[in-house]
Each structure stands twice: as C-alpha cells, then as structure tokens.
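There are 4 protein chains.
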Amino acid sequence: MSDPTPAPRPLRIAVCAPGDATDVELADAEAIGRGLAERGCVLVSGGLGGAMAAACRGAKEAGGVTIGILPGYDDKAANPWVDHPLCTGLGQARNAVLAATGQALIAVGGGVGTLSEVALGLRLGRPVVLLGGWAPVLASAEAHALTERQGHRLLAAATPAEAVELALAALAGH
Amino acid sequence: MSDPTPAPRPLRIAVCAPGDATDVELADAEAIGRGLAERGCVLVSGGLGGAMAAACRGAKEAGGVTIGILPGYDDKAANPWVDHPLCTGLGQARNAVLAATGQALIAVGGGVGTLSEVALGLRLGRPVVLLGGWAPVLASAEAHALTERQGHRLLAAATPAEAVELALAALAGH
Amino acid sequence: MSDPTPAPRPLRIAVCAPGDATDVELADAEAIGRGLAERGCVLVSGGLGGAMAAACRGAKEAGGVTIGILPGYDDKAANPWVDHPLCTGLGQARNAVLAATGQALIAVGGGVGTLSEVALGLRLGRPVVLLGGWAPVLASAEAHALTERQGHRLLAAATPAEAVELALAALAGH
Amino acid sequence: MSDPTPAPRPLRIAVCAPGDATDVELADAEAIGRGLAERGCVLVSGGLGGAMAAACRGAKEAGGVTIGILPGYDDKAANPWVDHPLCTGLGQARNAVLAATGQALIAVGGGVGTLSEVALGLRLGRPVVLLGGWAPVLASAEAHALTERQGHRLLAAATPAEAVELALAALAGH
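Residue numbers (my numbering), protein chains in the order written: chain A, 5 to 178; chain B, 5 to 178; chain C, 5 to 178; chain D, 5 to 178.
The shape of chain A in the complex, shown without the other chains:
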C-alpha cells in the first residue's frame, strides 16, 4: 500500500458563543457556522448547547465538520451536531484550548466565558472577529488603546457573513 499523500488541512475557525444566548445570538451563530462550512472550514467550539449548538447545527446543514472541546469527561454533554467531541475534563481551562486550536476566532454574544476566549485568542496572536456582544465594548477608544498597544488583531463585523469574511481575510496567505 502506498504512503498516502496528505492533503492540505482545512482552516480551523473557533466560534466562541455562550450557552445562554438570545434569539439574535442563536441566529447569528447558526449563520456563522453555515458560512464557515460553505467556505470549507472546520468549526471548533465549546461543544455544549445554546449558541454553541446553533453554530454546529449551521455547519452541519452545509456539510461541514465540527469539533467540540468539552469542559467535562462525558461526551453526552456534546450537542448532537458535534462530529468530534473532545472530553478535556479541564473545566474552564478548556477555553484556552479552544482559543489556541482556532487559527482565527469569531465571537458571538456577550458571556464572560466568550470574553475569556476572545482575550486568550488575542494573547496567543490569533485574529479575533466580534459580532455583537462584546463588540461595542472592545471597540471603545479605551479598549482600542489597550489592545493596539500590543499589536493585537481585533475586528468587528456587522453581519455573520462579514464575520466569516473577516476571519478568512485575516488568515489569507497563512
């Protein structure tokens, strides 16, 4: 049997989204998941319910691949649209694994778990796109000054489609 020639890997995009989400956040997360799958990206998320589940469902609607990085040890906690549940058992420290695994991050909605992933993504040099939630907060002049000082790439999108485009553009040439 010949040695298989590996194909180039698809881009991995982390979607950071709260379990307890508003209707708008759910719709946005689903549209982002769908958009990422349509562009051939692998969607990585926290794997649980709420807007995480919406993002995974969107990706599966478009035939994409989804990875869920769970806080606990039981894969039954994964939403049904997670193809590959990772059982980290790490609790909230799994947010750092999510932020590191995405080559870029898209954050939807306003939970503090999501904020931690945004901050960890920036800390690791990943481009981070915000849609709603923390976008107006982190787009303030004060926040801009704090993040610019260290060369972080923090972008704000107005629509799910723009969020997908900004994330892919930030990785172009990668």
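Because the hints were derived from the structure by calculation, they are not lab data.
The model shown is predicted, which means the values in this text are computed figures rather than measured ones.
Note that CB positions come from ideal geometry on N, CA and C, so glycine has one too.
A hint or two may mislead.
Which residues of chain B face chain D? A few of them, derived with a C-beta cut under 10 Å, are [unchecked claim]:
no.: 1; residue: Gly44
no.: 2; residue: Tyr77
no.: 3; residue: Pro84
no.: 4; residue: Cys91
no.: 5; residue: Val101
no.: 6; residue: Leu172
no.: 7; residue: Leu175
no.: 8; residue: Ala176
Each pair of labels, with its calculated beta carbon distance range [said to hold, decoys possible]:
no.: 9; chain 1: D; residue 1: Glu42; chain 2: C; residue 2: Ala81; range: 43 to 51 Å
no.: 10; chain 1: C; residue 1: Gly23; chain 2: A; residue 2: Thr163; range: 39 to 47 Å
no.: 11; chain 1: B; residue 1: Ala31; chain 2: C; residue 2: Ala11; range: 58 to 66 Å
no.: 12; chain 1: B; residue 1: Ala11; chain 2: D; residue 2: Leu175; range: 44 to 52 Å
no.: 13; chain 1: D; residue 1: Arg157; chain 2: C; residue 2: Glu169; range: 23 to 31 Å
no.: 14; chain 1: A; residue 1: Ala162; chain 2: C; residue 2: Ala31; range: 36 to 44 Å
Put chains B, C and D on the given structure of chain A with help from the hints.
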C-alpha cells in the same frame, strides 16, 4: 504526637497584572501586594516579571506569603519574591488556575492576559476588582449590561488601597 | 433548510505511542491505526512523530479520520497524517485530554508518556489495551493486584489486530 | 522601605498518594510528610483525603508548609492540613501540575492516579522515589529496561525515612 488543630486559612487573593507594565501599573501592583499582606492575605499571581513581580515584592515587604502560578515547567522563571512557584506547564491555560485559586481577584493594567483572568474569574463566580487598565472599558454601560445580566460581581477601584478594601469586603462573611 | 439529523458518532480510540519508537513499535502502531480505520473508528493520538505518526499514517491509508492532541500551540508540530490538530498548549497535561477523549485506549511501546496515558485512562474508567511495552510490566501479579482492586479494565494483546478487537469488544454495547 | 532580599526557596517535594489507602499506606504517607517538614521541605500533594491527608497532617505535625493541588474549584475539598489550596478545576490533568511542581516526587501506594503522577514526573525529568505500591512493579527487569533506556531516575525506598533521604539526595547540588 497530638493531632495538630489546623488554623483557619488566610484569604487567597489573585492579583492579575501584566508582565509588560507602565510605571503607574507597577506602583499600583506593588501597593496592592503590600496592602494584601498587611491584611493577612496570601497573594496569588502569575509569578513572572513586570507588574506580577511588583505585586509579589510589595507583599514580601509587608511580610506576606506569595504563590506564583507559572505557565512553564522551570521555576527559574519565577520572580524572586515568589515564595511558592507552581510549575504548571499549562501555558496560557494557567490563567484559569489563577482565576480559580483566588477567592477574589484584583486586576491591574491592561494586558489581554489580564483580561482573560478577569473574564475567567467572573465565569467562576469570583468577585473581581479592577484598578485602571480594563476598568473604564468594563465599566461602560454596554459592558455593565452584559455582566449584570448574569449576576457577576465586577467592581472598580480608584486607588490600590480601595482595591484591597473592595476585594476583602466582597469576601466578608465568606 | 431542514434540521440535519445527526448520524451516530463513530467510536473514538486513543492510540498512546511514543515519539521515540523501535521499528517493531512503529509497525505495530501503523497496523493498529489501519485496523481502527477499517473498523470505522476515529483515531485520537498525541499528534507528534514516531509511533504517533505511524498510527496516523496507518489510519489514513485505510481512509480513516485522525485527531492529534498536541502539547504546544503550533500546528506545524503535527505529523502530516493528522487531519485535525488540536493545539492545547498544555504541555504534558495534554496526556490527560488524550486519555479522556478516547472511549478506549490502545498503548503501544514503552515510553513514560505512554505510561501516564495508560494510568490516566484507567483512572477515568476507560478500558486500556496494551501491546508490547508496558504489557509485561502491568501484567505482573503485583500490578494485577493493584489495578484489580479498583475494578480497572486493563487488557493485553499479542498482535495489533487483537489490540483493535479487544478495544472494540470492551466498548460493545456502549 | 527597603527592597526585601529574598531568601533561597525551600525544596518542594510532591507526595503522590491515593485517596483510598491502606493503613500501611496512611502511616507511610504521614511519616514521609513529617520527615519532609523536618528537613525544611514544602510538601505538595493532591490535597484531598486518604493518604494525601495523612501526608499533610504529618507535615503540619512537624511545622511544615503544605500545598494542595485540587482537581476541582472548591477549596472545601482540601483536607484540613493543606495550608494553600490551589483550585485548578483541571480534573485529572491536575496530576501533571503536581508532577511538574515537585522538584522530586515520592509515591506511596498503588492507585492508578499515583501511577500517572510517577510517569509524568519521570517524563518531566524529575527524580521519583517509590515506597510500596508500584515499587515492585516498576522495579521489575522489564520496567527497568523501559525506564533506563531514557535515563529516568526511578528509585525504590524500603522505609519512609529512606524515601525522604533518597529524594533529597537526588536533588543535592540542585
């Protein structure tokens, strides 16, 4: 030999502070470290240099105990005022260990690592006091709406002394 | 668009194998990877070189899916047969993520990293199959007494094919 | 106020010991804790009950300092002889933090959690002393061959006092 009766444990306060800090942040961190030690608290930090080292130095000036939760495996990375270096090897995921170990958190300065600790602390239900840095950002009406919705305890201090008082007050009756 | 009905997930089997491996270990790891893929399992490994790469190559030869749980932040460290690199940044603590993510574990070869994964897998209640390496050590009467006392499922295989069969049999009815 | 001159840090020794322990293991753990404290070492453990609690109690009987690296978020899980509980929330991955934080490890008893700490300690280049439990297993010719091949320092002690001496001797000149 009789069984030793354990004394009540001192409070553990996490000081979240950047390695790359301004002079004001360094002075604030040192004053907070000193203030915590004067009040009998154990200071927990990320253990490295910059404002983390300033906080530890302040605590040791007042005879306190300091714990440093390092990202790597080598205790030589700890600043010299860390009594007990913890070599986690966890990289940025060590921020979650810091946020969880502090019974309350005080954040000084504006790094994104510090922001991740603030967010993780709130996620875990810890009271978080901000001095400078992210304080104006997270005190905005938009941020307030996002964090209030989930009952988080996010407080802003005007001085190092007030930061110490707010953290201890938040734990009173604990 | 209709809600996609999720298919049942394939089994995830963790292959624990050293980076520094003998020729026999490399051949065994490749045969196990191939056998798991032929049985429709997703292969999870530490994602690096040596016997980890051999296992992934075997799985890809048979058209399987491979996940690599890396210790660092750079996906360039993944071997070319990893479909989905997870950049944990956790150092050796990633071994716990690997042990937890596999529904069963197969350990090839004799490194101490591999031994840690075997032990963590048992600790988490996962069935663990040994091929070579630690098999004679952990099959001793003394080890048997220690692990039996706690109801662990530690199995020894004589061939790669038997290792795959034992892992799947241990999960039958799961 | 003058800059405090930091004193050299005491050695940190990790005691790896099961929660579910025999009477002999409990007595051994307590004697090791006492012996380490008498020699001025800081005792690091998993912080829970059983032989972990015995080791901490022994250290406190001799006036030592104890650090407990807990798997969860609640410091109430710490045994009463832990001076400084670390709430990692990392689950079993906290074993890697324990193994990395100890400059040397002493393992008492035969649990698989303990075995994972032994293996992780060896993986990180720490000297590891075994008393009972895994000692006869890992002292076998087969195990010796596996660990010797990579230059690991795995030592067996016959008594608690010898375990303390071997750990300190392994760090002499450190």
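Going down the list of hints, with the structure as the test:
1. Look at B:Gly44: its Cβ only gets to about 13 Å from chain D, farther than 10 Å, so that hint breaks.
2. At about 5 Å, the closest approach between the beta carbon of B:Tyr77 and any beta carbon in chain D falls short of 10 Å, and the interface hint on this residue holds.
3. With its C-beta approaching chain D no nearer than about 4 Å, B:Pro84 sits inside the 10 Å limit, and its interface hint holds.
4. The criterion of a C-beta within 10 Å of any C-beta in chain D is met by B:Cys91, whose closest approach is roughly 4 Å, and the hint holds.
5. Nearest Cβ of chain D to the Cβ of B:Val101: about 5 Å, under the 10 Å cut. The hint holds.
6. Annotation: B:Leu172 was flagged as interfacial toward chain D, and the flag is violated, the nearest CB pair being 17 Å apart, outside 10 Å.
7. A hinted interface residue such as B:Leu175 counts as satisfied when its beta carbon comes closer than 10 Å to some beta carbon of chain D; here the least separation is about 12 Å, so the hint is violated.
8. For B:Ala176, the interface hint is violated, since its Cβ never comes within 10 Å of a Cβ in chain D; the closest pair sits about 17 Å apart.
9. Separation of D:Glu42 from C:Ala81 is about 44 Å and conforms to the stated range, judged on CB atoms against 43 to 51 Å.
10. Against the hinted window of 39 to 47 Å, the Cβ-Cβ separation of C:Gly23 and A:Thr163 comes to about 45 Å, which satisfies the hint.
11. In this structure, B:Ala31 and C:Ala11 meet the distance hint of 58 to 66 Å, their C-beta atoms being roughly 60 Å apart.
12. For B:Ala11 and D:Leu175, the hinted distance range of 44 to 52 Å is not satisfied, since their beta carbons lie about 30 Å from each other.
13. In this structure the supplied range 23 to 31 Å is violated for D:Arg157 paired with C:Glu169, their Cβ-Cβ distance being about 38 Å.
14. Between A:Ala162 and C:Ala31 the Cβ separation comes to about 55 Å, which falls outside the hinted range of 36 to 44 Å.
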